[in-house]
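Listed in order, the protein sequences are those of chains A and B.
Counting in the numbering used here, the first sequence runs from 1 upward without gaps.
Counting in the numbering used here, the second sequence runs from 1 upward without gaps.
None of these hints come from the bench; they were simulated from the model.
A hint or two may mislead.
Here are the computed distance ranges between Cβ atoms for each label pair [said to hold, decoys possible]:
{"no.": "1", "chain 1": "B", "residue 1": "A59", "chain 2": "A", "residue 2": "A184", "range": "40 to 50 Å"}
{"no.": "2", "chain 1": "A", "residue 1": "L21", "chain 2": "B", "residue 2": "V31", "range": "32 to 42 Å"}
{"no.": "3", "chain 1": "B", "residue 1": "L134", "chain 2": "A", "residue 2": "I58", "range": "35 to 45 Å"}
Values in this document were obtained by computation on a predicted structure and should not be read as measured data.
Even glycine gets a Cβ: it sits at the ideal position worked out from N, Cα and C.
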Amino acid sequence: MSGPSTYEPKTGFTKWLDARLPIVRLGYDSMIDFPTPKNLNYWWTFGGILALCLVIQIVTGIVLAMHYVANTSMAFASVQHIMRDVDFGWLVRYIHANGAGMFFLAVYIHMFRGLYYGSYKAPREVLWILGVVIYLLMMATAFMGYVLPWGQMSFHGSSVITNLIGALPIVGPAVKTYLLGGAAVGDPTLNRFFSLHYLLPFVIAGVVILHIWALHVVGNGNPTGVSVQDIKKDTVPFHPYYTVKDGFAIILFLTMFAVFVFFFPEAMGKTDNSIEANPLQTPAHIVPEWYLLPFYAILKSVTFDIGPIPAKLLGVLAMFGSILILFALPWLDTSKVRSMRYRPLARQLFVLFVLACVGLGFCGANEPDAFVFKTGKDRLQVEYSDANGRAQTKFFDQFSEANAYKESLPTAAGASLQVAESGFKWKWLSQILAAYYFIYFLVLMPLLGVIEKPKPRPASIADSVHKRSGSGRSSSAPVAAPQHAE
Amino acid sequence: MAEHGSSSPTADGEHAGETRRDFIHIAAATVAAGGVAAVAWPFVQQLAPAADTRALSAAEVDVSKVPLGSEIRVLIGGVPFFVRHRTDAEIQEARNVNISTLRDPATDDSRLRPLPDGKLNPSILVTSAVCTHLGCVPLGPDNGKVGEFGGWYCPCHGSQYDTSGRIRKGPAPKNLAIPKYVYETPTMIKISL
């Protein structure tokens, strides 16, 4: 996409510099004159938003590291010190904590955008894979960052996640010990997590540079999925067209961000994390941050063994698999058509996929055995063992009857009286949605390319734009497999 | 405009359009600069001493506990101070100096602060413990080294102070500074940074 450079140094100094280090040329070619499809919609603004999110997290994080102490006896107090004593410490910390959520919100929209418009298809496979690498690094960074405040959720969350890794066969226990640096989460764990939490964002920044490099080699996709054929007709320079469009989207995004920081800073927080970590007491209901909930739901949905694989390991494999499957996506999708705008079946299944992901988020937040909805009335049940020692259950509507029956049984029956509820459990919903998640990638994606009949696509980007504005040529011959522009 | 890309010139031409666009550019840049300044402020201000640090910027010292002819050293917010209980001989020595010969002229009385009843208490001298040359902490009666003038001797570059904490010899340019302090009672002083 990046054709011959059009940069011309004007002053003596820029000419001198350009012959030695063409950094101004690089900036000009990638941010000013970069030819960008003229039909990008607002879903394409999230790349810029994400770059800003990373900068915000790094800047606020560096500030927090100036005041934070990575020691189990002082970490919690040092966070309170930041919130109460440091000038604007509350602001910097709330930006950082909410910024993590904002970062994930933006990255999920960015990824769904990629899924819908086929941004992972040739020639953008490497671009997509680098994106998945960034996403994995983000999850690792966010997880370790959540441990640092040393609250109850920090401690027991990290305990659960490291135990997950310990469930992997053969290497699991060793990896777990190396992660923890001890028998349990403690000072060594906190120190290495702090170190890595500081390091990984810069690794992310490095991979982001590769991601943008890959983007600038193959060029932006676009909502039609049709490749750029004529740079003059199909593209506009990045500046001012997309600097202004991205800038406007960034303003809207930052407005929402600020509403959270200033008015609802703890909206996504867990009150348990305002209690200092106590290794002797796990909080009643332990859940990760909202952005990890769908994967947590997949983990919890596996409650059955398959062959020799126990449910615990299977859940861990399903959870990691649900993320790693994204690496294979460019080869799982067999359709030649990039954009789902022209894929009637895929489009509907995609909407279901988004709903499944959101639904899994809710599943992750709820207790597996709680009810999504109840069926029938609550009844009273008396459980006891009969004369032959077999378990029996008898249902009642009235407490007096149930209690009388219980009292009438001999002590040896060991009768107990409980409320019997029936309904649809979150566990079952998560199993259905997790199944759809995997079916979508492993069955539907490969199958659709064979059975789906795509709708006609515009001949070119210019054509699609002109037809929509009613002023273009009328030719709309469908193109076959989209070819790379160069 | 965006529909037709960069190839077509803007409709409103050179004159009228230019001024309006200039106005938009300047207005947008002004708002952006204001935003950057508003964001920069908390990120700079967070570097300032935090509330807990500021809370440690004053301390009370019971001067009646200082042994005659010696001193105690007080750290307030990490900054050291001397509180010296001078003997009559030391007080006389400090008073008998010809002020005009000093590098940083000051009378001994000007280096004291009044008691609650308004009188000066020459037996207690409170000074900064930071040498005015390059910030070392001078040796004093407690270290068994007071220099030629009976006050303090700085081991770093040999600055010598008299029993009023005035510079007498060596590279330091100024007398040991007198901190902000008040007598809350005849025996209790409060030193603030």
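message: Please list, smallest to largest, the hint numbers that this structure does not respect.
response: none
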